[in-house]
Each structure stands twice: as C-alpha cells, then as structure tokens.
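Undergrad: Residue numbering for the sequence shown follows my numbering, starting at 34 and increasing by one per position.
Since the hints were made in silico from the structure, they are not lab data.
Owing to the predicted nature of the structure, the values given are computational and were not obtained by experimental measurement.
It is possible that some hints are incorrect.
To be verified - When the alpha-carbon atoms are kept at most 27 Å apart in a straight line, the in silico DSS-like pairs for lysine-lysine are as follows:
1) 302 <-> 285
2) 221 <-> 139
3) 285 <-> 187
4) 318 <-> 187
5) 352 <-> 318
6) 141 <-> 302
7) 141 <-> 221
8) 352 <-> 302
9) 302 <-> 221
10) 352 <-> 285
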Amino acid sequence: MVRYSFVLGLALGLGAIGAYVFTTVILTDYRVSGNVIDDSNNAPVQGALVSVPGDSSQEVRQDGSYLFTLPRSRFSDGYTLNVSDDAYLPYSVQIVRNLTDPLTIKLKRRPQEAPIFEGFVNLNVGHWIGRPAIQLVFSLNNQNDGAVAVQAIKGSIAGPNLRGQAFTAMRILETLPAQAGPVLYLHKGNTVRITGSFFEQNDDFLRLSARVNQWIASHPSSLDPMLQIDRLEPTLVTDLQSTANNEFFWTKGDWVLTLSFQCADALRKYTFSFALTDDQIVRMKSNIADYRYGFGVLDALLFAGTGIDRGVVHIDNPKALAVTD
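Could you put together the complete structure from these sequences and hints?
TA: The following block contains the structure:
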C-alpha cells in the first residue's frame, strides 16, 4: 500500500511539475530558435551574437544554432532579432508573425577593404577593324587578412566627347602561377600575374569576321607574320578598310580605363588615366593599309604589321585615379 501511495505521489508530483512548466514557461515564454549560416557556402557561423534588444543575447553554438526564450508579456507584438559578427555584415529582422518558428539567418561576409591590385606590367591599346582592343598584363597581390576569390574581371574605357566602351569579360590568356578553374583565388601576400585582353564585338564586326573566316577556309595560306602575302580578296579588303576608318574608336585626348573585379565578398574597381596623341592615333590606324595581308584582321595576325607597333600603342605608366569597393 505504501509503495502504491509513493508511485501515486510521484505521478502527481510529475504532473504538477509538467503543469507548472506548461503554465509558467510554455504559456508565458516564446521559444526563439534557429540557425546562423554563411550566405556563400551555408557553413555555420559559430560565435555570432544573436540578440533581442531589451532582453537576451547569446553566442551561436558550434553547429550554428541558437535557442533562448522571451517573455510573452513583453513581446506579445513581436520582437527584433539582431545578429552580429566581426567578419559579416550586421543582420536585423523584425518578427511579427509565427513568433516561435525556427529561423535560418544567412549572413553576408563583410567586404575586405585592403587592395588586391598591385600594378601593370604591360598595357597596350589598339583596334580590331576599328573597334577598341586592349592587351594587358598586370599583377594582383591580396593585402587582406583573408583570401579573396575573384569570380570575373570586366572593364570599360571612357574618353573625349562621351566616347566609351564596356567590356563584359576579360579574355584571360595566362595566370602565373597557373590556377585551375574559373575562380581566381588570391591568398594573402601572394602575387599572381594575369595576361589577357579586352574586346567587345558588334554586328559589323561579326558580319565582316564571318566573311574573313569563310575566305580563309576556302583559300588557306601560311599565317607566318613575316610573310607579306595577299591573304584576302580585294573587295573584302576594301570593306574591312572602309569599316575600320568609319568606325575607328580612338581619338586624341585623355582616357580612363576601369578594371572591375567581381569578388565573392565585394565588387572592386580600379581606374587609371592615360593620354593619346595625334601621332599615336596615326600609328594605330597605320595597320589598316596592311589588311590585304591579314595583318590586323586575323586573330593570329592581329598585332602583326609591315612596321614596328603598327596598329598598337604602348601606354607608359598609366596613372591610378581611385580604388573603390
């Protein structure tokens, strides 16, 4: 009888505790829970501070989770949830519905503001059937504490009389040291040298290049740049020369080149100025007379010519104008 009384008392006691928890905790408190993850890779952000102004704050656990309670009496209309971490942009959200549903919070990494561009090794400007073409070799050196992932390199050029051209992508010919894959990873203090070019096609260029390719396919010849031999038929040469002269992009004056690096954490832009003279414009146009040989027209002979630097101008010491995020 005593044993049964003890069991009954224990059961009643547990029931009383459960009732107390239900009435004093579940009915009076909100259970606030969820996860904090990195927006770029969904990895947990351990140690981020989750807080509700006027009440609780808590560091995110190793698995990225957080859990605490809020008194219903003070937060019946909702609450503001703030998340902060030195490596990430601050996050804030107002919770007014589904107050107890678990919430997954994605944090964006804070941009690293130290430079990654080190300098030009070589910079040439020229044209391809009148349209602007840029050859460049430059060095990158990441001065940030963390690695920077460069996902794409774009560019633009702007000059006198509102003349300008955007380049949607840089054609990368070589990276030293070599890197595999489309993303360029820059680790702190390591120098990477990039060789590439900018060129943007238009309808006239596509039309003429198709004619050039068709002619070359049916009339194959040596592509030795030392050989001055007629590689294109006269009518095609005339059309190429007319288009190049009529649509010639470059003019005398001051120009601004912008390099845009789309990185995982931020967009970085670097701008440089240089000037072109009348003599340099004449030098760039000089290869138009060499189109009969395929010089300045064929990809393999783009910067070939009957003289030195025909069709291309080397830019000495372009002046850095600004560095922006």
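Undergrad: Could you run down the list of hints and mark each one as holding or not?
TA: Status of the hints after comparison with the structure:
no., hint, result
1, 302 <-> 285, "holds, 25 Å"
2, 221 <-> 139, "holds, 26 Å"
3, 285 <-> 187, "holds, 24 Å"
4, 318 <-> 187, "holds, 26 Å"
5, 352 <-> 318, "holds, 25 Å"
6, 141 <-> 302, "holds, 20 Å"
7, 141 <-> 221, "holds, 21 Å"
8, 352 <-> 302, "holds, 14 Å"
9, 302 <-> 221, "holds, 19 Å"
10, 352 <-> 285, "holds, 17 Å"
Against the hints set out earlier in the document, no violation occurs for any number.
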